[in-house]
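Trainee: Sequence:
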Amino acid sequence: MKELSKIAMASFQADSDKVQKLAQDFFCAMDSDGDDKIDETEFLEFMQVQGYCDKAKNLDLFKQLDQDGNRTLDFEEVLTLYYIIKSGRPFCDYCKKFIPSTYFTCVGCLEDDPNKRPSYVCLDCFTEQKCAPHNHNHLSRFVDNYSLLEAMKKSALRELARSRSHPGNYESYQRSNSTTHIVHNHTSNNTWNIQNYSYQHSISLPANPTSSTAIVPQRQLSSLSLLIVW
1 MKELSKIAMA SFQADSDKVQ KLAQDFFCAM DSDGDDKIDE TEFLEFMQVQ
51 GYCDKAKNLD LFKQLDQDGN RTLDFEEVLT LYYIIKSGRP FCDYCKKFIP
101 STYFTCVGCL EDDPNKRPSY VCLDCFTEQK CAPHNHNHLS RFVDNYSLLE
151 AMKKSALREL ARSRSHPGNY ESYQRSNSTT HIVHNHTSNN TWNIQNYSYQ
201 HSISLPANPT SSTAIVPQRQ LSSLSLLIVW
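Be aware that the sequence shown starts at 1, since it is given in full-length UniProt numbering, and climbs by one per residue.
In short, the hints are calculated from the structure, not lab data.
No experiment lies behind these values; they were computed from the predicted model shown.
Fair warning: there could be bad hints in the mix.
[Unchecked claim] With beta-carbon atoms standing in for the labels, derived distance ranges: (1) Thr102 with Ala10: 17 to 25 Å; (2) Glu40 with Leu160: 29 to 37 Å; (3) Ser11 with Asp36: 19 to 27 Å; (4) Lys18 with Thr102: 29 to 37 Å; (5) Asp144 with Val49: 29 to 37 Å; (6) Asn135 with Val19: 36 to 44 Å; (7) Gln24 with Val49: 15 to 23 Å; (8) Arg164 with Asp33: 54 to 62 Å; (9) Asp39 with Ala10: 57 to 65 Å; (10) Asp35 with Lys63: 15 to 23 Å; (11) His138 with Gly69: 43 to 51 Å; (12) Glu76 with Tyr146: 25 to 33 Å.
No residue lacks a Cβ here, since even glycine has one placed at the ideal position from N, Cα and C.
Take the sequences, apply the hints, and build the full model.
Mentor: Next comes the structure, spelled out in structure tokens:
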């Protein structure tokens, strides 16, 4: 979680004043008594209102965020939560805990229907083979997030090369692979609504986000199995 907190702070410092204000509003919306710190009650109430109650009910996530162990969250610790939500970081489907680092994703799920969330597994559960029953045509298709990203990158580059070799298809490729933008809609100084926070893409962050949604263009999935080599 320490590394994730550093990433969250670096992203915050690199953001525009407008985006930084949204992160500050996120903290203020959680800080119901205005004492500049978030206790367990405030955390649980906020997470329940925003649709994350199932992920926070046992306070495991709160304890992970509370790096100094003082049983309250300061702005930097809440900023990490804000980044987790913004970036769509997943929870393990088996132990139900937040995954702060490497995780495994089912490529078979993505290939079957990229509009549905795939299965996510933390390293411990993957090592213990808790995901073994999850298979496609009797094959386990789990890969780590770094391998998946590399496969997607190679697939995209190969498609770009093919599109450039056929000028008539290049403009269509550019339209369908436009940069993903993040949209923030803020309704008041005391309200921050996850339902108004989505990706401008064919796949959006769920209004009730039980875990993250993988953004993978359909045409890239067919070649993932060929690109991922163990």
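Trainee: Each hint: holds or not?
Mentor: Structure-based check of each hint:
| no. | hint | in the structure |
| --- | --- | --- |
| 1 | Thr102 with Ala10: 17 to 25 Å | 19 Å, holds |
| 2 | Glu40 with Leu160: 29 to 37 Å | 49 Å, violated |
| 3 | Ser11 with Asp36: 19 to 27 Å | 22 Å, holds |
| 4 | Lys18 with Thr102: 29 to 37 Å | 32 Å, holds |
| 5 | Asp144 with Val49: 29 to 37 Å | 34 Å, holds |
| 6 | Asn135 with Val19: 36 to 44 Å | 41 Å, holds |
| 7 | Gln24 with Val49: 15 to 23 Å | 19 Å, holds |
| 8 | Arg164 with Asp33: 54 to 62 Å | 58 Å, holds |
| 9 | Asp39 with Ala10: 57 to 65 Å | 27 Å, violated |
| 10 | Asp35 with Lys63: 15 to 23 Å | 20 Å, holds |
| 11 | His138 with Gly69: 43 to 51 Å | 46 Å, holds |
| 12 | Glu76 with Tyr146: 25 to 33 Å | 26 Å, holds |
Checked against the numbered hints given earlier, this structure breaks hints 2, 9; the rest are met.
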